[in-house]
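Asker: Here is how the chains run, residue by residue.
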Amino acid sequence: MRLRLDPIACTGHGICAELLPEMIRLDDWGYPILDDATVPAELLPMARRTLNACPALALRLEREPKAPRG
Amino acid sequence: MSLLASSIESRALWYLTRGSGAVSLLLLTAIVVLGVANVARWSPERTPRFVVQRVHRDLSLLVLVFIAIHIATVVIDGFAPIRWVDAVVPFGSAYRPIWLGFGALAFDLLLAIAITSLLRARLGYTLWRAIHWTTYGTWVVAVLHGAGVGSDTSTPWMLGLVGVSVGSVLAAAVWRIARGWDGWEPARVLLVVGAVLMPPALAVWMVTGPLRGGWAVRAGTPTDLLAAAAATASAPSVAAIVLPQQADFSGSANLDRASTGEAATLSTSVQTSDQVPLSLSILLDGEQEPEGFSVRSGTIRLIPPQGAATYRGEVTGLDEGALRARLSDGYGDVIDIAVQMSISASGQVQGRLLIGAVSSSEVVQ
Amino acid sequence: MSGSATRDPSADVARLSPHLDRAVPISLREHRAAFPPPSTPHRASRAELIDAIDAAGLRGRGGAAFPTAVKMRAVGGGKRRPVVVVNGSEGEPASEKDRVLMTLGPHLVLDGAELAAAAVDADEVIVGVDAAAPRARRSIEAAVGERSAVARRGVSVRVVPIPTGYVAGEERSLVHLLNGGPAIPTSGPRPFVRGVRGRPTLIQNVETLGHLALINAFGPTWFRSIGPDEMPGSMLVTVSGGVAHPGVYEIEVGAKIGDVMRGAGGAPRGVGGVLVGGYSGTWLAAEIAATVPLQPSGLAAVGGIVGAGVIAVVPEDACGWTETANVLRWLAGQTAGQCGPCVHGLAAIAGAAEQVVTGRGGDATFGRLNRWAADVRGRGACALPDGAVRFLQSALEVFGADVRAHLHGRRCAGSREPRILPVPEPGKAA
Numbered sequence: 011m012r013l014r015l016d017p018i019a020c021t022g023h024g025i026c027a028e029l030l031p032e033m034i035r036l037d038d039w040g041y042p043i044l045d046d047a048t049v050p051a052e053l054l055p056m057a058r059r060t061l062n063a064c065p066a067l068a069l070r071l072e073r074e075p076k077a078p079r080g
Numbered sequence: 008m009s010l011l012a013s014s015i016e017s018r019a020l021w022y023l024t025r026g027s028g029a030v031s032l033l034l035l036t037a038i039v040v041l042g043v044a045n046v047a048r049w050s051p052e053r054t055p056r057f058v059v060q061r062v063h064r065d066l067s068l069l070v071l072v073f074i075a076i077h078i079a080t081v082v083i084d085g086f087a088p089i090r091w092v093d094a095v096v097p098f099g100s101a102y103r104p105i106w107l108g109f110g111a112l113a114f115d116l117l118l119a120i121a122i123t124s125l126l127r128a129r130l131g132y133t134l135w136r137a138i139h140w141t142t143y144g145t146w147v148v149a150v151l152h153g154a155g156v157g158s159d160t161s162t163p164w165m166l167g168l169v170g171v172s173v174g175s176v177l178a179a180a181v182w183r184i185a186r187g188w189d190g191w192e193p194a195r196v197l198l199v200v201g202a203v204l205m206p207p208a209l210a211v212w213m214v215t216g217p218l219r220g221g222w223a224v225r226a227g228t229p230t231d232l233l234a235a236a237a238a239t240a241s242a243p244s245v246a247a248i249v250l251p252q253q254a255d256f257s258g259s260a261n262l263d264r265a266s267t268g269e270a271a272t273l274s275t276s277v278q279t280s281d282q283v284p285l286s287l288s289i290l291l292d293g294e295q296e297p298e299g300f301s302v303r304s305g306t307i308r309l310i311p312p313q314g315a316a317t318y319r320g321e322v323t324g325l326d327e328g329a330l331r332a333r334l335s336d337g338y339g340d341v342i343d344i345a346v347q348m349s350i351s352a353s354g355q356v357q358g359r360l361l362i363g364a365v366s367s368s369e370v371v372q
Numbered sequence: 014m015s016g017s018a019t020r021d022p023s024a025d026v027a028r029l030s031p032h033l034d035r036a037v038p039i040s041l042r043e044h045r046a047a048f049p050p051p052s053t054p055h056r057a058s059r060a061e062l063i064d065a066i067d068a069a070g071l072r073g074r075g076g077a078a079f080p081t082a083v084k085m086r087a088v089g090g091g092k093r094r095p096v097v098v099v100n101g102s103e104g105e106p107a108s109e110k111d112r113v114l115m116t117l118g119p120h121l122v123l124d125g126a127e128l129a130a131a132a133v134d135a136d137e138v139i140v141g142v143d144a145a146a147p148r149a150r151r152s153i154e155a156a157v158g159e160r161s162a163v164a165r166r167g168v169s170v171r172v173v174p175i176p177t178g179y180v181a182g183e184e185r186s187l188v189h190l191l192n193g194g195p196a197i198p199t200s201g202p203r204p205f206v207r208g209v210r211g212r213p214t215l216i217q218n219v220e221t222l223g224h225l226a227l228i229n230a231f232g233p234t235w236f237r238s239i240g241p242d243e244m245p246g247s248m249l250v251t252v253s254g255g256v257a258h259p260g261v262y263e264i265e266v267g268a269k270i271g272d273v274m275r276g277a278g279g280a281p282r283g284v285g286g287v288l289v290g291g292y293s294g295t296w297l298a299a300e301i302a303a304t305v306p307l308q309p310s311g312l313a314a315v316g317g318i319v320g321a322g323v324i325a326v327v328p329e330d331a332c333g334w335t336e337t338a339n340v341l342r343w344l345a346g347q348t349a350g351q352c353g354p355c356v357h358g359l360a361a362i363a364g365a366a367e368q369v370v371t372g373r374g375g376d377a378t379f380g381r382l383n384r385w386a387a388d389v390r391g392r393g394a395c396a397l398p399d400g401a402v403r404f405l406q407s408a409l410e411v412f413g414a415d416v417r418a419h420l421h422g423r424r425c426a427g428s429r430e431p432r433i434l435p436v437p438e439p440g441k442a443a
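Residue numbers (my numbering), protein chains in the order written: chain A, 11 to 80; chain B, 8 to 372; chain C, 14 to 443.
There is no bait here: all hints are sound.
Some chain B residues flagged as far from chain A (calculated, every beta-carbon gap over 10 Å): (1) Glu52; (2) Asp84; (3) Ala101; (4) Thr162; (5) Gly167; (6) Ile184; (7) Val199; (8) Leu218; (9) Gly227; (10) Leu262; (11) Ser276; (12) Asp292; (13) Asp343; (14) Ala352.
From the structure, some residues in chain B lie toward chain A, with a derived Cβ separation under 8 Å: (15) Asn45; (16) Arg48; (17) Pro55; (18) Arg56; (19) Phe57; (20) Gln60; (21) Arg127; (22) Tyr132.
To be clear, the hints were calculated from the coordinates, so they are not data collected in a lab.
Just so you know, even glycine gets a beta-carbon here, dropped at the ideal spot from N, CA and C.
Construct the entire structure; sequences and hints are all you get.
Answerer: Right, here's the structure in full:
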């Protein structure tokens, strides 16, 4: 699973960076920069909590795209 | 017929209703303020913003618990004719329908707000935001309920509480307006208009309504409850009379059964035959059982002659066949009484009234 | 498949250009004299038409260079009846090719649109044209009017003006506008899945449709006879700036930029730098530009894109960095205002770039520019921030000497010259 952000919905509250600092940091203007990597299993519950805490509901968890064959 | 010992409920429930109502209003005010703090992206120094968000959410769930207590106590207490359904279906109660109805309306809105917030991720942002916007209106409705239906509205502490709450929410509304809007513009107009009109409108309404005499009648309090209140309020001169320590009485009793179940009301009207003729009205709620009448609760009125103040109060106990009560004349005089009585099959009552500080050893069979 | 090795790359390519070699728009009668009406294929030949486009290897000429046949198959494969949108918004200020094609050769474009509608079984064609390009708009509206007199097949064609703006021509912005909203991007599904009124929407650039009409007339083999395998055929480019004869030229895909500049009369004042692709494209140093072939792999090798076919030459005595700062400030004003990193980031980048121009910036400004560029890339809903960052970073490389001079307080003479790269006022075309 990977974290995905809807940049139009995001209004820069920054609560996500408080709850998941391992994978989210804020830029100079208070908007989140997401780590593109797979969310480790032990962080998944916290990641889900972060999704629910976003006031703008701008965060999503997406399945990894399958590796291309051939 | 004889009176059976049973547990007598006190008015503790009524106090709990009023208390939980006041706490709920304070919690709702805090919730509104914290909600605006969320939008304003404010948090105390060195406190992360998710904490403010979490406290806002937790208080919202806590207030629902307090409101549940508020509802349960008033329905179980039964003093006022309020049913369970009146807590969610507004404006249908027998007791102050409009003002109680506002409470039901506020409760319904709070439930909708809470449920949509818990299911926010599934319902989507737009729907959640639209319903969440009704919080300002819900708060106003709750205040109207409290002021219109409460019996403490004119007391200083209640006025102070309402004042502090109104001030806090008004400040929060101004803060919210100052933050600006990115969405639906009419919402901003509504809030500005509401914030400007609410305090003066509320003040005018309170002064001409709950704080003016006779509100209980105008608010729709049922007449039997009014009569009890009026009896204490209408006593004219304050001439204190000397009450006898003991007096025998006789009179008649009437048993009204409720249309369903075993509940019944025993009403007694008796007169003493002594130098100071007293009228005694005893109203007992309970159940008619084969062995006798099981008393659940009751009120007693002691009416002295010549327009002196009526003493009234509630039955606090029944031991060894004697009813105990503490009566007050509404002007500060309080007496303890014990009433022994027997009721014949034809409804004739005979008994003895003992007034003053009475201990059980003085009760004579 | 014949490659371009045996051809003289500077020779005139005459495929679209005969249609443009005129002073006034072509009428339907004149167009039909040279060009038969596109055949209207029924179900079986719909697939054949797309196969022919696939065989021709046609790729979009709007900037993304996406294979047209793939797009058509995706749109036509949906359950609902698709819509075709002709993208004539041309938000790139330094590009004029689409405007010229729509003004002078509207019927070739509309033939292509009709064919595209047939290929995906669409019943509606919407022609978008820049609201601030009155000649193009008048011409395309007249052409649509001429054709409606002989309309058939139940395909409705209408012209919709598109508000001027850099992001207005982005696929999702167009769909947003046509669905009643503003011309700014959305986060929703891609248009080929769900677009105008929820239907699969095929959005094609004006020039792409022109080539489509030619492929249908002369066949895929003919189309592939020039240009590289990865992007066959010819393309229109807008050459501007310090060249003797600026204008719209048709070239073989893969022609070297240096040869194209020579074809436009050369650069009398020398070359300080060449902007390739557009304001989302890349600056190239003169010596590199001379040998880079205008095809996807050629530009990718130097960190660039083919883009909208813009070739803007900054003379040696002008200040490439001042031009860059100017464009960056304009791009910062072109955001849709929806995504924080883009709105704040581009404004901050433009401010820092201007500080460099006026000599007030120090090494810290340089560091900030690089950091913000890295922060902003990929964090918007559309490609605007990515393009601006590419534009900025290539400028830092190509105009490094200028930048260093400015940082240490020396303001160059070139920075006081009139602007080479156009930055239109809001609501006006270049």
